[in-house]
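Undergrad: So the chains spell out like this:
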Amino acid sequence: MDAGRIQKELKEIERDKKSGVSVQLNGDNIHRLTGFLEGPKDTAYQGGYFVVDIKLEDQYPFVPPKMRFRTKVWHPNISSANGAICLDILKDQWSPALTLKTALLSLQALLASPEPDDPQDGVVASQYIKNQPLFQRTARQWTEQYATRELASQDDEKVLSITSMGFPREMALTALESTHGDVNAAINKLLESC
Amino acid sequence: MEDDSDYEDSYVASDVEDYPTSEDGDYGYDPQTEPEISMRRAAYTVLSEEELKLRQQEALQQVMQVLSISEGEAVRVLRHCKWDVNRVNEEWFADTEALRDKIGLVDEQPTGSGRRKESCGICFDEFWVSEMHAAPCNHSFCRGCWKGYVHTAISGGPAVLSLRCPLPDCSAAVPAALVTAVSDPKHREKYHLYSLRSFVEDNQRLEWCPAPGCENAVEALHEVSNEAMDVTCRCGSSFCFNCKEEAHRPVDCETVKKWIIKNSAESENLNWILANTKPCPKCKRPIEKNQGCMHMSCSQCKHEFCWLCLASWQEHGERTGGFYNCNKYESAKKRGDYDAESLKREHARVSLQRYMHYYQRWAENDRARSQALSSKAEANDKKLEVLSEFVATPTSQLKFILDAWAQVVECRRILKWTYAYGYYRFGDNIPDEDTAQKQQQGFFEFNQGQAEMFLEKLNGVVEKDLDNLVEEFKREPGLSEVAPDGSVFVDQASSPERQAVWSKFREQLIGLTEVTRMHFVKLVQELEKGLDQLLAFYSEQPEAEAEAEVEPAAVSTAEASGSATPAQQATAKAPKRSKRSRISSRAAADKASNSAAAFSLQEADSELEAEAGYWQCRRCTVINRDLNSQSCSMCAQNRRGPISAS
Ligand SMILES: [Zn+2]
Ligand SMILES: [Zn+2]
Ligand SMILES: [Zn+2]
Ligand SMILES: [Zn+2]
Ligand SMILES: [Zn+2]
Ligand SMILES: [Zn+2]
Ligand SMILES: [Zn+2]
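If you read the protein sequences in the order shown, they are chains A and B.
Read in our numbering, the first sequence has 98 at position 87, and its numbers run on one by one without any break.
Read in our numbering, the second sequence has 550 at position 309, and its numbers run on one by one without any break.
No lab work stands behind these hints, which were simulated from the structure alone.
To give an idea of the chain A side of the interface with chain B (calculated C-beta under 8 Å), a few residues:
no.	residue
1	13
2	15
3	19
4	70
5	72
6	73
7	74
8	106
9	108
10	109
Calculated pairs, EDC-like style, for lysine to aspartate or glutamate (alpha carbon to alpha carbon, straight line, at most 16 Å):
no.	chain 1	residue 1	chain 2	residue 2
11	B	715	B	626
12	B	705	B	545
13	A	200	A	188
14	A	19	B	367
15	B	679	B	773
16	A	66	A	188
17	A	102	B	410
18	B	294	B	442
19	A	22	B	366
20	B	485	B	468
21	B	388	A	69
22	A	19	B	366
23	B	388	B	425
Just so you know, even glycine gets a beta-carbon here, dropped at the ideal spot from N, CA and C.
Make the full structure from the sequences, and use the hints.
TA: Written out as structure tokens, the structure is:
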């Protein structure tokens with residue numbers, strides 16, 4: 012993978028702080044990054060702070076980055092169970108001239124304009140179509156409950172508490188993912204596999 | 242386009258002349274090696290990888306010239322139109338802009354000066370513009386990024402053939418020349434392969450030969466329909482152009498598909514049948530079938546029996562109605578006192594049994610066909626040479642043995658599929674009142690049985706009899722024997738005795754090959770025309786019409802045969818009234834006999850013999866030229882009667 016391009020991408024995101032998206036490197040591993048984006052204004056997601064797991068394959072940027080919401084989101088095109096995203100530019104419409112920044116901005120745009128006809132989460136999509144007020148209420152509720160900077164940094168603290176024990180950041184992330192954020196369970200799991 | 246058959250014919254004819262390969266007589270069908278029996282013959286040609294590339298290039302050149310476009314553009318247009326040059330012209334001239342838009346052809350954009358630096362939109366590094374590449378849209382990227390883009394797309398599969406500019410929202414097609422310019426040899430080769438595959442796979446008239454390792458394709462020389470079309474590749478494998486299964490005419494593709502699915506569904510129940518051994522019906526010792534012929538003899542007790550029905554071979558042919566009948570399926574007789582449950586169980590058992598009957602015969606003929614194929618190869622590789630010395634005859638004159646094997650191979654294939662046909666054509670239990678169905682089944686099974694009987698005989702003669710003969714020759718070798726008194730050479734191979742034995746065998750085998758072929762021609766005809774139509778033809782045609790139809794053909798044959806073979810002369814000499822008299826005698830017999838189907842079988846038989854100009858003894862298989870005689874000139878066997886013991 013072209014590390015030079017990733018460095019340039021990160022530099023560009025750093026430079027343009029107003030965009031409302033950012034990317035953070037997880038230690039030395041350039042295959043696993045964390046993205047952050049602010050909920051778009053005048054939507055149920057306004058004021059929310061969303062965390063996105065990013066995985067890059069060796070062929071990046073010729074294949075799309077793999078992205079998934081770590082923050083729970085109520086949205087027709089995002090799985091309410093595991094954060095999987097249905098977005099064309101993350102699949103066949105990807106172009107190597109696109110970047111992590113443009114991809115995160117597209118996620119922001121997706122939050123602003125859902126496409127219930129191409130749903131990832133059928134339950135949410137049907138609610139979106141049949142009961143718009145209820146959908147808006149639920150989405151706002153989830154945003155207030157889950158999409159907070161506190162949780163995001165707590166999440167970061169959890170990772171830190173594991174890495175401080177000497178485990179690499181990537182292993183910490185994987186373990187936390189599999190235990191749904193339970194630090195003790197994650198540590199036990201890591202210790203067992205040692 | 243108007244569907245005018247005359248136009249169609251001339252179109253095909255001129256098309257054929259355009260193809261260099263066909264001038265070499267390079268059609269898939271070769272009467273010398275493949276005794277093709279099907280009536281409807283397919284026009285097609287076999288193309289090697291090289292020929293395919295040439296053909297693809299021809300299409301490209303044609304489109305480039307007519308539309309004045311680049312090769313890269315021509316590839317796109319042709320791919321879009323499934324490599325149909327006519328369709329390209331139609332779509333292009335109907336709405337050029339719409340078509341160009343749809344497939345991403347853009348006008349070449351000005352490049353400007355190469356003597357400045359620009360940032361590559363993928364790696365964000367700076368490059369001299371002259372070192373960068375772009376599709377005609379002129380969105381430049383550095384060579385390294387192009388390479389990564391193209392390689393990833395090639396690894397992703399044939400979709401790379403529709404590759405577009407990497408810039409989001411630019412739909413310009415990436416020309417093949419650019420793809421090959423930036424890719425390494427391994428990826429380039431893969432790209433060319435995709436391109437050739439698209440030429441064959443998108444093209445309605447082309448199909449790859451499905452034989453493993455074969456890289457030829459078959460091209461239909463006419464509009465393709467979705468009917469079965471058997472073709473034979475240069476590699477020797479035959480397949481159906483329409484459904485890609487092995488060649489299966491005269492049976493249609495639908496039946497084949499159903500049958501194959503059925504077989505895989507029933508395969509567990511049938512595993513035991515696939516076992517290679519069966520107990521001898523007399524001494525119960527296991528016997529392995531290692532030759533193609535169904536006439537078995539137990540190595541222990543010497544009992545001779547039929548592998549299919551396990552009946553003794555002597556009785557075979559006369560037990561019911563005087564003809565070979567182990568192809569017939571007699572469904573189990575139902576007794577009246579079954580309760581519902583056992584009736585259901587009985588029904589399931591009967592229907593599985595019925596299926597197994599057909600399956601077993603299908604599978605056995607399939608296996609026998611493979612055996613015949615390897616026997617033919619073996620004969621070609623060594624047996625003929627050995628034989629050539631024993632009978633002082635050049636191998637070129639022993640080709641009739643290979644012809645006989647080829648006939649066995651082809652007949653086994655047809656016979657095999659007639660069992661799939663029979664399974665679907667006639668239901669589990671045809672009610673007694675459905676006389677038409679019963680008659681059709683009887684008619685079909687008789688002809689199938691006749692064909693099968695001759696095939697078994699042919700297989701036995703070319704296999705066992707020939708082997709026995711060779712063994713005999715081996716026991717009295719003496720290619721050059723030294724007499725006790727000095728150096729007198731006795732040439733056993735060309736002795737009159739041996740030559741007589743050999744010439745008798747030769748005549749028998751050639752005759753048997755021909756008779757077998759004719760029986761299969763009949764069977765195929767029957768299935769392709771439809772049993773109901775054929776039976777209707779035999780039973781309902783008014784005499785005058787029947788005669789009118791027969792006579793002109795017979796006359797023209799007679800006129801045309803200035804130097805006809807004896808068989809042709811015989812055909813011409815065959816009594817013109819035969820059909821008429823047969824039909825009227827049949828009508829009479831119909832009233833008297835309650836076995837109409839069996840009767841029409843004899844009719845069918847005489848007709849076949851009249852066509853051939855001889856009848857063959859069912860006991861000793863000698864050819865009898867006298868069509869009026871009723872007993873064999875060699876062994877006095879009755880022409881139609883049960884086979885008498887020797
Ligand atoms: Zn570049
Ligand atoms: Zn472009
Ligand atoms: Zn082939
Ligand atoms: Zn077919
Ligand atoms: Zn035995
Ligand atoms: Zn039998
Ligand atoms: Zn005889």
